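Enquirer: Sequence lines, in order, name chains G and Z. Here the first sequence stands for residues 17 to 131, numbered as in my numbering. Here the second sequence stands for residues -10 to 105, numbered as in my numbering.
Derived from the structure by calculation, the hints contain no laboratory data. Computed from a predicted structure; not experimentally measured. Idealized CB from N, CA, C, for every residue including glycine. Accuracy of the hints is not assured; some may be wrong.
[As the list claims (entries may be wrong)] Computed beta-carbon distance windows for the label pairs:
#	chain 1	residue 1	chain 2	residue 2	range
1	Z	GLU17	G	GLU69	24 to 30 Å
2	G	PRO131	Z	THR2	37 to 43 Å
3	G	GLU71	Z	THR65	40 to 46 Å
4	Z	ARG4	G	PRO131	40 to 46 Å
[Claimed, not checked] Some but not every residue of chain G turned toward chain Z, in silico, with C-beta under 7 Å:
#	residue
5	GLY58
6	LYS118
7	PHE121
8	GLY122
9	LYS123
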Amino acid sequence: SQQGEEDPQALSIQEGENATMNCSYKTSINNLQWYRQNSGRGLVHLILIRSNEREKHSGRLRVTLDTSKKSSSLLITASRAADTASYFCATDAGDSGGSNYKLTFGKGTLLTVNP
Amino acid sequence: DTGVSQDPRHKITKRGQNVTFRCDPISEHNRLYWYRQTLGQGPEFLTYFQNEAQLEKSRLLSDRFSAERPKGSFSTLEIQRTEQGDSAMYLCASSPGTSGVYNEQFFGPGTRLTVL
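The whole structure should be built from the sequences, with the hints applied where relevant.
Expert: What follows is the structure in structure tokens.
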């Protein structure tokens, strides 16, 4: 079953604008990650935020995590046409040894960046 | 290219036929995962291996599905008596298996299955 829900389901912006996507999840987590998927391709890992972190940056990406609300947001600044893709959040709850094994994904946000 | 590879990339089959997919993980990774992704949805976990041992199977993995990783390297996913509902992208991922720390999963390009 899907753990999370991304919001919005689809987002269309102009090049240079910022894009914000949100993710909500249901159960306690160890980590939350964001992945990108170009049409018909595999998943590319973008950024990971641990459950004890609140904000993380990587290049043009900014991720926030609010464990009290079980939600996360991904901000892409100064978007480019090449950012056009589906974006998924994924959570892992870890096994008894404390390390992750399976990821639970949301349904994704389809981002279109118009030139 | 030393990433995760999957073969074939596309498979079209008729209902009732058997199909087998192969995944070659990154060579030093001892964990291997299979996910299934249907149109408009996120990937859903199917099963995972630690070396050659299959440690968990999702309820999505019916009796018609079987996965193996005989030597702890490549893995195969077989679907017997395919149904139209099996049409999906089948994704494989691999990761190191270091206990107690986060292990990033690296995904392959996927095998797209179409059952007619």
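Enquirer: Hint by hint, note whether the structure agrees.
Expert: The hints, checked one at a time:
| no. | hint | in the structure |
| --- | --- | --- |
| 1 | GLU17/Z x GLU69/G: 24 to 30 Å | holds (28 Å) |
| 2 | PRO131/G x THR2/Z: 37 to 43 Å | holds (39 Å) |
| 3 | GLU71/G x THR65/Z: 40 to 46 Å | holds (42 Å) |
| 4 | ARG4/Z x PRO131/G: 40 to 46 Å | holds (42 Å) |
| 5 | GLY58 | holds (4 Å) |
| 6 | LYS118 | holds (4 Å) |
| 7 | PHE121 | holds (3 Å) |
| 8 | GLY122 | holds (5 Å) |
| 9 | LYS123 | holds (5 Å) |
The structure agrees with every numbered hint stated previously.
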